[in-house]
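Knowing the structure of chain A, use the given hints to seat chain B on it.
One-letter residues, chain by chain:
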Amino acid sequence: GESVGLHLPTLSVQEGDNSIINCAYSNSASDYFIWYKQESGKGPQFIIDIRSNMDKRQGQRVTVLLNKTVKHLSLQIAATQPGDSAVYFCAENPPSGYALNFGKGTSLLVTP
Amino acid sequence: KAGVTQTPRYLIKTRGQQVTLSCSPISGHRSVSWYQQTPGQGLQFLFEYFSETQRNKGNFPGRFSGRQFSNSRSEMNVSTLELGDSALYLCASSLDGRTATGELFFGEGSRLTVL
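Those sequence lines, one after another, are chains A and B. FYI, the numbering for the first sequence is 1 to 112, going by our numbering. FYI, the numbering for the second sequence is 1 to 115, going by our numbering.
Extracted from the complex, chain A is given alone in its bound form (with noise of 0.2 Å):
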């Protein structure tokens, strides 16, 4: 598949558990944060994002956790559904403001 090669972080959750997907940013200066979806042959998919004045934010099912402090960022999944399962990306964008850097993704699977 696409991540041969890659050994992905993979969490494993059960069907109508929540999910916490982490990720660590790089740059103290980023000033936005999104994390994208990316199923099976297709492309990253927007999900939610943050700006870094906020800590948190909500949106259907999943919630963005930002801790500058220590440049962590956590999605939260409530809730999972088998249509969750992908791999997920969190991007930071950093001051040039025309590229963002992405992280190495986490694969989340789904079980019944």
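Just so you know, these hints were derived from the structure itself, not from any lab. Treat the hints loosely; a few may be bogus.
Computed cross-link-like contacts, EDC-like style, restricted to lysine to aspartate or glutamate with a CA-CA straight-line distance of at most 20 Å [stated by the list, open to error]: (1) A:Lys68 x A:Asp49; (2) A:Lys71 x A:Asp55; (3) A:Lys104 x A:Glu39; (4) A:Lys42 x B:Glu103; (5) A:Lys104 x A:Asp49; (6) A:Lys42 x B:Glu108; (7) A:Lys56 x A:Asp31; (8) A:Lys104 x B:Glu108; (9) A:Lys104 x A:Asp84; (10) A:Lys71 x A:Asp49; (11) A:Lys56 x B:Glu103; (12) B:Lys13 x B:Glu82.
Covered stretches of chain A (in silico footprint by chain B; criterion: 3 or more residues with CB under 8 Å from a CB of chain B, positions within the stretch not fixed) [claimed, not checked]: (13) 37-50; (14) 92-106.
Estimated spans, in silico, between C-beta atoms of each pair [as the list claims (entries may be wrong)]: (15) B:Gln41 x A:Pro95: 18 to 24 Å; (16) A:Leu8 x B:Glu82: 20 to 26 Å; (17) A:Gly97 x B:Gln41: 19 to 25 Å; (18) A:His72 x B:Glu103: 20 to 26 Å; (19) B:Asn77 x A:Asn18: 43 to 49 Å.
Quick reminder that beta carbons are idealized off the backbone N, C-alpha and C, glycines included.
Just chain B, lined up with the frame of chain A:
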């Protein structure tokens, strides 16, 4: 409205050849960015175009080039292909390219295999 369209979806080339990939952005979007996705390096920024001008470039050799046309469609070219160029090449469009003001919309990618 139609999403970002990339062609071809799959292609196989041999070392030393060159390849051209095409991207049609969402209607009304003037910025097109290109990313390379590999198992080892993840998603890496190649370049970004706005109004036919390259505004930003990632850390890739000169074999990687691109251009944007007046209708915002973009092409990227890789010359003298190497085995390590095997990757999924993703195109993303946005209204103005500033990643802090709006989300990027990605296409499904062009998967290049170099033999």
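Hint by hint, here is what the structure shows:
In summary, the hint linking lysine 68 (chain A) to aspartate 49 (chain A) is supported, as the alpha carbons are separated by about 15 Å, within the 20 Å threshold. Under the criterion of a C-alpha separation no larger than 20 Å, the hint pairing lysine 71 (chain A) with aspartate 55 (chain A) is consistent with the structure, at around 11 Å. With a C-alpha separation of about 15 Å, the suggested pair lysine 104 (chain A) and glutamate 39 (chain A) falls inside the 20 Å cut-off, and the hint holds. About 17 Å separates the Cα atoms of lysine 42 (chain A) and glutamate 103 (chain B), which keeps this hinted pair within 20 Å; it holds.
Restraint check for lysine 104 (chain A) and aspartate 49 (chain A): the C-alpha separation of about 18 Å stays at or below 20 Å, so the hint holds. About 5 Å separates the Cα atoms of lysine 42 (chain A) and glutamate 108 (chain B), which keeps this hinted pair within 20 Å; it holds. Taking the CA atoms of lysine 56 (chain A) and aspartate 31 (chain A), the gap is near 14 Å; set against the 20 Å cutoff, the hint holds. Proposed proximity of lysine 104 (chain A) and glutamate 108 (chain B) is supported: the alpha carbons are some 18 Å apart, at most 20 Å.
The straight-line distance between the Cα atoms of lysine 104 (chain A) and aspartate 84 (chain A) is roughly 18 Å, inside the 20 Å bound, and the hint therefore holds. At most 20 Å may separate the alpha-carbon atoms for a hinted pair to count; lysine 71 (chain A) and aspartate 49 (chain A) meet this at roughly 15 Å. Between lysine 56 (chain A) and glutamate 103 (chain B) the alpha-carbon distance is near 18 Å, which keeps this suggested pair within the 20 Å criterion. Among the hinted pairs, lysine 13 (chain B) with glutamate 82 (chain B) is consistent with the structure: their alpha-carbon atoms are about 10 Å apart, no more than 20 Å.
Look at the stretch 37-50 of chain A against chain B: 7 of its residues bring a Cβ nearer than 8 Å to a Cβ of that chain, three or more, so the hint holds. For the stretch 92-106 of chain A, the stated coverage by chain B holds: 11 residues have a C-beta nearer than 8 Å to a C-beta of that chain, and at least 3 were required. In this structure the hint that glutamine 41 (chain B) and proline 95 (chain A) lie 18 to 24 Å apart at CB holds, the actual value being about 22 Å. At about 24 Å, the beta-carbon gap between leucine 8 (chain A) and glutamate 82 (chain B) stays in the expected band of 20 to 26 Å.
Look at glycine 97 (chain A) against glutamine 41 (chain B): about 22 Å separates their beta carbons, and that is inside 19 to 25 Å. Between histidine 72 (chain A) and glutamate 103 (chain B) the beta carbon distance is about 22 Å. The supplied range of 20 to 26 Å therefore holds. About 45 Å separates the C-beta atoms of asparagine 77 (chain B) and asparagine 18 (chain A), a value consistent with the hinted range of 43 to 49 Å.
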